[in-house]
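If you read the protein sequences in the order shown, they are chains A and B. Residue numbering for the first sequence is 1 to 260, as defined by our numbering. Residue numbering for the second sequence is 1 to 260, as defined by our numbering.
Hints may be right or wrong, so weigh each one.
Since the list can't tell identical chains apart, any single copy or any two copies may satisfy a pair.
[Unchecked claim] Derived pair list, reagent style DSSO-like, types lysine-lysine, alpha-carbon separation capped at 30 Å:
#: 1; residue 1: K260; residue 2: K92
#: 2; residue 1: K92; residue 2: K208
#: 3; residue 1: K183; residue 2: K92
In case anyone wonders, no lab produced these hints; they're calculated from the structure. What you are looking at is a predicted structure, and each value in this text was computed from that prediction instead of being measured.
Protein chains: 2
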Amino acid sequence: MKENRRLIFVSNDDGYQARGFAAAVEVAREFGDVIAVAPLTPQSGRSQAVTMYEPLFLELQHEEEGLQIYSFSGTPVDCVKVAFDHLLVDRKVDLVISGINHGSNAGINVLYSGTMGAAIEGSFYGCPAVGLSLTDHSPDANFEAAKHYAREIISAVLANPVEQGGRLCLNVNVPDIDPLDIKGVRVCRQCRGIWREEFYPHLNPQGKRYFWLSGAFDNYEPDCEQTDEWALANGYVAVVPVQIDMTAYERMDYLERILK
Amino acid sequence: MKENRRLIFVSNDDGYQARGFAAAVEVAREFGDVIAVAPLTPQSGRSQAVTMYEPLFLELQHEEEGLQIYSFSGTPVDCVKVAFDHLLVDRKVDLVISGINHGSNAGINVLYSGTMGAAIEGSFYGCPAVGLSLTDHSPDANFEAAKHYAREIISAVLANPVEQGGRLCLNVNVPDIDPLDIKGVRVCRQCRGIWREEFYPHLNPQGKRYFWLSGAFDNYEPDCEQTDEWALANGYVAVVPVQIDMTAYERMDYLERILK
Numbered sequence: 001m002k003e004n005r006r007l008i009f010v011s012n013d014d015g016y017q018a019r020g021f022a023a024a025v026e027v028a029r030e031f032g033d034v035i036a037v038a039p040l041t042p043q044s045g046r047s048q049a050v051t052m053y054e055p056l057f058l059e060l061q062h063e064e065e066g067l068q069i070y071s072f073s074g075t076p077v078d079c080v081k082v083a084f085d086h087l088l089v090d091r092k093v094d095l096v097i098s099g100i101n102h103g104s105n106a107g108i109n110v111l112y113s114g115t116m117g118a119a120i121e122g123s124f125y126g127c128p129a130v131g132l133s134l135t136d137h138s139p140d141a142n143f144e145a146a147k148h149y150a151r152e153i154i155s156a157v158l159a160n161p162v163e164q165g166g167r168l169c170l171n172v173n174v175p176d177i178d179p180l181d182i183k184g185v186r187v188c189r190q191c192r193g194i195w196r197e198e199f200y201p202h203l204n205p206q207g208k209r210y211f212w213l214s215g216a217f218d219n220y221e222p223d224c225e226q227t228d229e230w231a232l233a234n235g236y237v238a239v240v241p242v243q244i245d246m247t248a249y250e251r252m253d254y255l256e257r258i259l260k
Numbered sequence: 001m002k003e004n005r006r007l008i009f010v011s012n013d014d015g016y017q018a019r020g021f022a023a024a025v026e027v028a029r030e031f032g033d034v035i036a037v038a039p040l041t042p043q044s045g046r047s048q049a050v051t052m053y054e055p056l057f058l059e060l061q062h063e064e065e066g067l068q069i070y071s072f073s074g075t076p077v078d079c080v081k082v083a084f085d086h087l088l089v090d091r092k093v094d095l096v097i098s099g100i101n102h103g104s105n106a107g108i109n110v111l112y113s114g115t116m117g118a119a120i121e122g123s124f125y126g127c128p129a130v131g132l133s134l135t136d137h138s139p140d141a142n143f144e145a146a147k148h149y150a151r152e153i154i155s156a157v158l159a160n161p162v163e164q165g166g167r168l169c170l171n172v173n174v175p176d177i178d179p180l181d182i183k184g185v186r187v188c189r190q191c192r193g194i195w196r197e198e199f200y201p202h203l204n205p206q207g208k209r210y211f212w213l214s215g216a217f218d219n220y221e222p223d224c225e226q227t228d229e230w231a232l233a234n235g236y237v238a239v240v241p242v243q244i245d246m247t248a249y250e251r252m253d254y255l256e257r258i259l260k
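Produce the entire structure from the sequences given, and follow the hints as far as they go.
Shown next as structure tokens:
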């Protein structure tokens, strides 16, 4: 790879064979050389998980001028870690892209999403990170609008480096509507609300009861125009900047009182 | 179970056979009846992960007056979801306890921790949640100090209910020192710093290269007395209140500018 080209790292959670991953790689190549490490198997819902109890295998799946695609048998975060610790040592990485996810990662999905797990992890290595998701779970989803807005947002991120030591991680969600009907990009905050899971029991052919995860998002503030869920429901691309301090500062005084 | 007794839900990430889990159940029983669902197998580092692609199996492992312990073949968050959606429907749960974890969940570990994944998930169901960890990974760790401080903190939480609709989730870490040397409890914020992972390659007996996760915590602010890492290093039990809004509010203006 040429030294003067930008270097983009790409990962995802749907696995290296997903169409959304190919779409992300396609966009990334417009901005520079690409090294990609994506999970061997689908890893949706894997959050920030790492694999501690198993050895993991890295395979070069595809190579051409300016592009290397590896599969890794771990989680999305494992993919990012092995890339930066093994493949990208002493390389300057200009950007991390994770996605394009088949399905929304707006609202509280940011906590559960393997796509955002990889984006957040990537942002720890001194380069901006963009998680990209399309609110359409289907394997044959149309990624044209997502690619278009990915290009726009990535161009802006690369043209405006953050301050030294600063971290930038974006959760970008694109609505599953006709690309021409998308009204533009909105900077949002994470919508409040939780998943109400449903674990219906069924019986397997051997008569043993099993549970399989389902559920529905319970939006606590459907009418709030500041949220990513509102933006998506109203035809906008939602961009939420993501941080990783989970401290509930507003609870500290209360705790000081009750723990005295 | 008696209707007038408190009901405590217990989970963990080390699995239902871990000694730290038995310690948590022991403490929980002092406060009320206990229903516990813990992973069938160790799930350290599983974060907020959910299992989307596999059926999961729930087994009653132990039952006596005031106590039911189930194993579930999924992640810690799966355990919480199946409990609240299946076992605890229409029951008032007074408290969720997750742990006691074998190993620290201070600092950025809160993002990767299955113990804290379960505690955070539990806090979504309208009851306070306490994640408990001891900074000792060994299977034969001494949980006496952790149990003592768990009792103290749980008593305070149960005696001081948060406001209607409020959420309380605590990340409690107990230092691995002589219980008599512990100086007390400190309310802290999450320490800044990241894991620098090391994925050394090795060869398996068939000559195939594998990677196995290792790493070291890179503390960005070792001298800051407000952090959980400082508290632990200086002989205190660290209590961090945890929230789940990942929005980087301070980045929103910057994004508005660059995305115009």
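Hint check:
1. K260 - K92: Between copies, since 28 Å is at most 30 Å while 49 Å is not.
2. K92 - K208: Between copies, since 29 Å is at most 30 Å while 52 Å is not.
3. K183 - K92: neither (35 Å within a copy, 45 Å between copies)
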